[in-house]
Amino acid sequence: QGRTISGRVVAADQSALPGVNIVQEGTTNGTVTDANGNYSITVNEGTGNLVFTFIGYQTVTRPIGDQTTINVTLSEDTQQLSEVVVTALGIEREAKALGYSVQEIQGESITRVKETNVVNSLQGRIAGVQIQGNQGALGGSSRILIRGARSIANENQPLFVVDGIPLDNSNFNSTDVQRGAGGYDYGNAAQDVNPEDIESVNVLKGPSAAALYGNRAANGVIIITTKKGAKRKGIGVDVSSDIQFQDILILPDYQNQYGGGAGPFSRNERGEDVALFYVDESWGPRLDGRPVRQYYSYYPEFPEFYNKTTPWVAHPNNVRDFFELGIQNTNSIAFNGGNEKGTFRLAYTNLNAKGIMPNSDLDRNTINFNGSFNLTDKLTASAGVNYINSTAQGRPEQGYSDVMVQFNTFGQRQVDMDILDRYWITATGEQVSWNRDSEDNPRPRYSDNPYWIRRKNYQNDSRDRIFGNVTLSYQFNKWLKLTGRIMNDFYTDRREERKATGSVGQSFYISEIRQVRETNADLILTFTGNVTNNLSLTAFVGGNIRENHYNLDAGETVGGLSVPDFFNLQNSMQRPIITDNTSQRNINSVFGSVSLGYRDLIYVDGTLRNDWSSTLPSGNNSFLYPSISASFLLSSLPVFEGSQQISLAKVRGSYAEAGNDTDPYRTGFTYEPQNYFGSNPSYRVPVTLNNPELKPEKTRSYEFGVDLRFFDDRLTFDATYYHTISTDQIFQVPVSGASGYTSQIINAGRVRNNGIEIALSGAPVVTENFRWDIGINWARNRNRLLELPEGIENYRIATGPFAVTIDARVGQPLGVITGYDYVYQDGKKVVDDNGVYAFSDQLVPLGSVLADWTGGLTSSFNYKGINLSFLFSAQYGGELYSLTSTFGKYSGMMEETVAGNIRQQYMVVDGVKEDEDGNFVPNDIEISPVDFFASMFGHGRAFVYDASFVKLREISLGYSLPQSLIANTPFRSISFSLIGRNLAILYKNVPHLDPEAAVTGSGNIQGYEGGAIPSLRSYGASIRLGF
Amino acid sequence: CAFMFACEDFEETNTNPNQPEDVPRGYLFTYAVETIMDQVYGGFDNSRVGMTLAQYWSQNQYTEESRYQYRPATNNTTWNTIYTGIYNLQEIIRLNEEDELTGSDNEIAIATIMQVWTYQFLTDLYGDIPYENALLAKQDTLAPAYSRQQDIYPDLLRRLRAARDMIDVAAPGFASGDIIYDGDMELWRKFANSLMLRVAIRMVDRMEQESLAAITEAYTSGVFEDYTETAQINYLASQPATNPLYVDVIVGNRNDFSSSNTLIDVLLARNDPRINAYFAPAKNSGQFIGRPYGQNAAAANALVPDAVSQLSAKILSPDLPGLIMDAAEVKFILAEAVQRGAALGKTAADFYGEGIRESMEYWEVATPAQIDNYILANPYDAGNWKQSLGVQKWIALYMQGFQGWAEYRRLDFTGILKMPVSGPLVSINQVPVRRTYPPDEQTLNRQNYITAIEKQGPDELTTKVWWDLF
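Just so you know, the protein sequences line up as chains B and F, in that order. 16 is the number of the first residue of the first sequence in our numbering; add one for each residue after it. 8 is the number of the first residue of the second sequence in our numbering; add one for each residue after it.
Since the hints were made in silico from the structure, they are not lab data.
Calculated pairs, DSSO-like style, for lysine-lysine (alpha carbon to alpha carbon, straight line, at most 30 Å):
(1) K928(B) x K425(F)
(2) K248(B) x K493(B)
(3) K145(F) x K710(B)
(4) K844(B) x K928(B)
(5) K713(B) x K145(F)
(6) K290(F) x K323(B)
(7) K246(B) x K496(B)
(8) K928(B) x K843(B)
(9) K928(B) x K471(F)
(10) K844(B) x K471(F)
(11) K393(B) x K243(B)
(12) K321(F) x K290(F)
(13) K471(F) x K393(F)
(14) K145(F) x K462(F)
Facing chain B, according to a computed beta carbon distance under 7 Å, are these residues of chain F, among others:
(15) N21
(16) E28
(17) L35
(18) W86
(19) N87
(20) Y90
(21) N95
(22) P137
(23) L142
(24) L149
(25) I186
(26) L243
(27) G259
(28) N260
The C-beta atom is built at its ideal place from N, Cα and C for all residues, glycine as well.
Produce the complete structure using the sequences and hints provided.
What follows is the structure in structure tokens.
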């Protein structure tokens, strides 16, 4: 009795739409279109309708009548399109079906204002996702924290997945860089992802969403989907170009009344006043213009100054003068096309950035290719490959090291950058430093000339990277599909650091070559279909094999360079130090997932995964973890049907576990090679005690929330509460050195994070030509360390080079600044017999490095193709320790050291002293400011500040030419924009600095500012053309 | 493992390819000695703490330590590094004992002697320290309890005696890696006895009988006879095996340390030829001028380095040996023992003169005749022996800052050490008599730390250690 109807379903551009669902209305009779968009369906006689549905397109209903051919064109449903999100393993799901929160950022908002590190582009846009980074570092690290820090000792970075490829995001920064003690921040490797190639970014915040990615996803997953080609006529070409300028946002408040030295000038045999150039502090004579012999007056080749005195005057802008205008230029071109058989996109982008310090450049070339081809009706092959080549030279040093130290912590305020710049080297190649040892010894005492550092002691690095995937999928029938993929991420990273002969300290050359490779292969069998008319089922099972290889070959010269300024390991004066380190990790996994949907009302998902890791001892190396989630669409209940006010009301909840392994080689006992003593080899017992009885870590979490949409989605509100407990953490816990080891690998600790995320957005005004959107996100995370191994109350995350440590203490958040406090008597600070503050006997917690809450506000105005948008971001709470304040005062550099004219007389610090009778009376002991600030450098409390801020993060003004204007040109689209980023700090409490400038790594070592590179503001313009 | 995955090679995958599972024990010894001595003679221990506490040196700039304000973090490094060294010595003992290796007695003896030397160094700094309960991380003792110094000292003597008695001078020591005596077991035996002297004399005010008995026993068994037998780490001219002071000052170009007027004035007053080995004349004047001890930053900066005596070229040479114990100290200990009643066949004055002689010969600064004259001019004063012997011992202990300071604490010679000229930066009105515990112990070993200070006294620079009776 059946009759066959066939036809073809196409999109508006006439391209075939495969996988469109076709159902005879009111029955369970249905089919899907094939790869060419063709379908055929046998229907019962009689009238009725065929319903064509496809995610992202408007549903079309056609009467069957007596037709035998029904061709349909589906038009895109822009509203619904944004409701489809990419979840674990690249599976697209309708947002409404998800029982956990996922947030999506479209590619345009990332490319609108480009960052050298793409991660920074997400700042302030996503509730519960805190991103920190210092733009001054030229491709430096960004730290992402999703719903707080779970791991006590390891990085809490989310997993990056680009088109299914787990992407390595290491930065290999030394601990010194992170704790502010100097060195270069090489940035995290995920910045290799080119913003121009990003279609969308999805953030899976909890382990629930991540349960299928395995152990690395406990901190959330950032899923990046790159742009693909589309079926179209001819080849599409997109060209974009943008330029940004960067300058200093904030510098410390320096004093400009006193010059370098300590006390008065010395007098030479000629009766001239001589500046104490060997003192790298600014406690010298008043800058009153008197004639003085300065460091540059001892060089016959500088006749301008030779043997002459020059006026002793201030150069208030000397530090600012050192920095140059940063310029970042990005150009890209992309081709895309496609037909019935396949699609492709090929893109090339060049990013060139010149940093704010002299002689600093970063250059990055990216090629991205994505293609897919239908080999047969059922077999599709696709491949994506990205090649990135990036080179950098002269990255700025972080923290307490060469350049910044003489601007932030130790230096002479009167130095003139112009003279340092022009006269930085003698005719015979010797350095000219302001910190000359003495009249007859030109060798610098503590500080090199900053231009010498930038021109001679620069680093350079390069990275060549390929990541890509090859996928084959076979569609057995309409409900069963098998997909096999191989994914690879491989890079070679080379870093070279050097110090030239004639610098302060011994000349050296360091070369490090790292090879990092991760290969994943997986096989997934997917079932999609309806069990009954009302019950839909999607299920899959799969397996994954993962292998990680890491190799480091490094060398460092010993005893200096033999031939001056020849930077090669073979030029080491003594046998160079060699590092030869290889590691491998294998993880095998099986996983499965079942998703059930009942009508449009209830969705339930369950997943299960088991991993076997090579890094855990056999017997303990297998771990299984489940997740379950559900969502309930209240708005689909009959009572709300047809409601004008409520377009969506959903409640959701989920529970998930995630297991975790550890780093390789933490279970055995070996000896560690050390430097030779002459011809004697030297080996030691490692200072970290390994543990042969490790078991997997576990994170358990639950979350629930509501998603509400009102007035045809004009107003949306999402809120989530989550709770996460991480237990049995594997970490290296410092122990008393008296135990024989300074740390032990241990399975212990319990960390809780709970919090609330709220996202509110609305379009208050929408007219035909004008639209105003506003969005607010806000998140509060409460982090608490509940347990450490028995007998240990404190875990040392890092030791600052001075004064404070960053700790994890039981009962407190991860990352507590610990140091000496004042001694208080009735709330007043106690001053000792010398007139300086007494220090507390014990080290005490001085503040948490974690914020109380973070938030962002976005707003955009659209008027006839003109778009104006803002982004504000804010952090409330959290503390940091500032070494700039500590030593900037110690050395007399900062404004505070001249406040109240204290250098003219003695100062009396605010506090109480104990008199002979044991009573506390107001302090009246006079003390010199030099002694006072010197007495304070070991103090913690005095230099710990609230890190709250409100920033104007971004402004952009864009204009897209209307189609009417370009209809008769070769252009498909033309748009321009003006952009500005980090334009202003509207609120802060840290003196001298941007509170975010202290970030020099992505790990838990945070809250220690060691002489930070100033943060930058940037502004620029871009143009995008489509052909 | 299950399913299609083969996991049997996981153990192999997780075997560290970068480090060996067995190494010759001499390699561990090289590490232990070097790491302990590099720390003891490093910039943040001997240079900034030991040499300033003994007032041998002042600071040209950054003068906080000479005014008794210390950096908390470097104290942690001292503690951790020195215990790491002791633990590697313990590993040598463990390997020998567990595997019953041939020749193990001599290796155990050498490792024990160095452990005793190092433990004494630590307890002299801090007082009570983890000792009996230390080094047991593998036995799950991550937070070791502290032992009382009065219990540690007798045990150090016991261990030294046992080590000495284990030594077979006819058998070899370490196959390689003995960077102190290059396998000469006779010298190790003498060093064991000499170190017994040092341990015994420190506790003499508390346990005079035991102390003098141990000294007599050790002397009879054979101690250092002259400076050629000195225990020292022979640093090399080329990095990284150079003296850490050279790396700090010459390589790092950190000219932070100068002579102190405390020592220069004493040397000048006695016309002591060692001044030429210890210091260089001031560049500006060619004279020996000591920098006032304990200047504040402004005063120190205002007095240019060239105006005062800096360290001599000899002291700053890369291969300056790191002294572990020398013959001069042995002689001074013997002098004191005789003074206190031990019968060693010579007078206290004899040993005192030999002490000066060994010191001057070690530093190669005088002819035998000059030395004789010096001893005549600076004779032993039995009536005020703590002063005359104390000052000479203090001069001879130059470069061993912590030892010089310990003998100042114990012998209490007067009129030499003084308060910082610009005053201390912390609340204290005396020369410190102890180093405070490293701040890490307050957090990583809190309960035991609290118990320790309850027993010993407040964790302050002014709390005396057990042997410091007067």
